[in-house]
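Enquirer: Take the sequence shown: its position 32, counted from the start at 1, is 32 in UniProt numbering, and no numbers get skipped.
Hints listed in this document are in silico derivations from the structure and should not be mistaken for laboratory results. One or more of the hints may lead you astray.
[What the hints assert, rightly or not] Straight-line distance between alpha carbons at most 30 Å, and here's what the computed DSSO-like set of lysine-lysine pairs gives:
{"hint": "1", "residue 1": "283", "residue 2": "155"}
{"hint": "2", "residue 1": "309", "residue 2": "154"}
{"hint": "3", "residue 1": "145", "residue 2": "116"}
{"hint": "4", "residue 1": "283", "residue 2": "75"}
{"hint": "5", "residue 1": "75", "residue 2": "154"}
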Amino acid sequence: MRSRVRSTKRKTILGNAAPSVRALTTLLLLSLAPLAHSQHPAQPHTQPDQWKSSVGDPLARNPRDWAADAAANEKEAIQFNGVYVRYRIHMVGARGDQIRDVLESKDGTVARLIFKENRPLTSEEDAAEHQRLQDMLDSPSAFAKHVKGDQSGKKLATDLVALMPDAMLFTYTPGQPQRGNKENKGEPADIVMDFKPNPAWNPPTMTSEALTGLQGRVWIDRRTRHMVRLEGDIFRPVNLGFGMVARIAPGGKVTLEQVGLTDQRWIFSHFVEHVTVRALMVKTFKENSEIDGFDFTQVKPMTYQEAIKALLDTPLPHSL
1 MRSRVRSTKR
11 KTILGNAAPS
21 VRALTTLLLL
31 SLAPLAHSQH
41 PAQPHTQPDQ
51 WKSSVGDPLA
61 RNPRDWAADA
71 AANEKEAIQF
81 NGVYVRYRIH
91 MVGARGDQIR
101 DVLESKDGTV
111 ARLIFKENRP
121 LTSEEDAAEH
131 QRLQDMLDSP
141 SAFAKHVKGD
151 QSGKKLATDL
161 VALMPDAMLF
171 TYTPGQPQRG
181 NKENKGEPAD
191 IVMDFKPNPA
201 WNPPTMTSEA
211 LTGLQGRVWI
221 DRRTRHMVRL
231 EGDIFRPVNL
241 GFGMVARIAP
251 GGKVTLEQVG
261 LTDQRWIFSH
271 FVEHVTVRAL
281 MVKTFKENSE
291 IDGFDFTQVK
301 PMTYQEAIKA
311 LLDTPLPHSL
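Construct the entire structure; sequences and hints are all you get.
Expert: This is the structure in structure tokens:
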């Protein structure tokens with residue numbers, strides 16, 4: 001299970017006053033992908049052969065039924081279910097070209113920089129990375145602060161998931177276009193739906209205002225009922241806090257994919273973001289990110305101290 005990785009920018013644009021735009025859009029997409037709200041019955045479409053099954057036409061279901069199933073699964077994925085994973089991510093962007101070794105622990109996720117600018121780390125760079133991780137071992141409070149940010153992000157994501165049944169309108173995509181060469185593999189077809197904001201919905205929070213400017217398409221795995229791909233377009237400007245906190249410009253695009261390591265554990269394998277934001281009515285930031293995950297391996301549960309030691313005990317790769 002391997003895919004390549006790229007990333008561009010992860011910067012906190014609103015300081016401590018609000019989440020970064022990258023975090024916001026990531027969580028937005030995380031919550032948006034599986035959920036749907038349909039006020040109209042499904043319409044018949046031309047369907048690929050994979051739709052034929054003993055249980056009848058899956059598009060005869062109300063789109064909201066698929067959405068509700070996927071939403072429940074996605075909330076489980078956000079909240080974590082005890083399956084721990086080690087993997088690598090490759091990020092290319094404002095901080096350069098980086099590859100990190102990532103290890104999930106019972107206490108939170110830790111990562112070690114292992115490749116930079118398409119080359120192994122220098123001895124000085126590796127020493128600095130060792131020191132950074134050693135500081136985490138020496139200061140549990142610093143690690144706790146890091147984990148607290150992750151927990152806040154999970155809460156934001158689950159809150160957005162809960163809002164989505166009313167925030168979006170979903171319809172089945174005509175022709176049900178499949179991902180890549182999936183049609184040639186003999187696998188069950190994905191459920192493909194287009195989404196757009198529900199004009200009758202009023203965002204209850206500042207963060208949820210971001211949902212009003214996104215439309216696109218989502219693919220849901222028919223067997224497991226998990227979201228596997230999402231393509232979103234920011235088709236109109238979005239003002240957070242009446243534009244005083246941030247304004248997300250139209251024309252942005254986001255794409256994400258996730259894969260199932262087991263039926264119980266799904267994880268993001270690809271994320272692309274091109275978004276322009278004006279923060280605090282002062283400065284404009286361009287968030288251009290591409291990140292991929294690869295080399296996923298299930299690992300035993302461990303403490304964060306054990307995870308850091310495992311990372312540091314692993315020899316640096318000379319090539320990838």
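Enquirer: Are the Cα positions of residue 309 and residue 154 separated by 30 Å at most?
Expert: Holds - the C-alpha atoms of residue 154 and residue 309 are around 26 Å apart, at most 30 Å.
Enquirer: Quickly compare the C-alpha distance for residue 75 and residue 154 to 30 Å and report which way the hint goes.
Expert: holds (9 Å)
Enquirer: Would you check the hint for residue 145 and residue 116, treating anything up to 30 Å between C-alpha atoms as holding?
Expert: holds (26 Å)
Enquirer: Check whether the Cα positions of residue 283 and residue 75 lie no farther apart than 30 Å.
Expert: violated (34 Å)
Enquirer: Residue 283 and residue 155: Cα distance at most 30 Å?
Expert: Holds. Residue 283 to residue 155 sits at ~28 Å (cutoff 30 Å).
Checked against the numbered hints given earlier, the structure breaks only hint 4 and satisfies all the rest.
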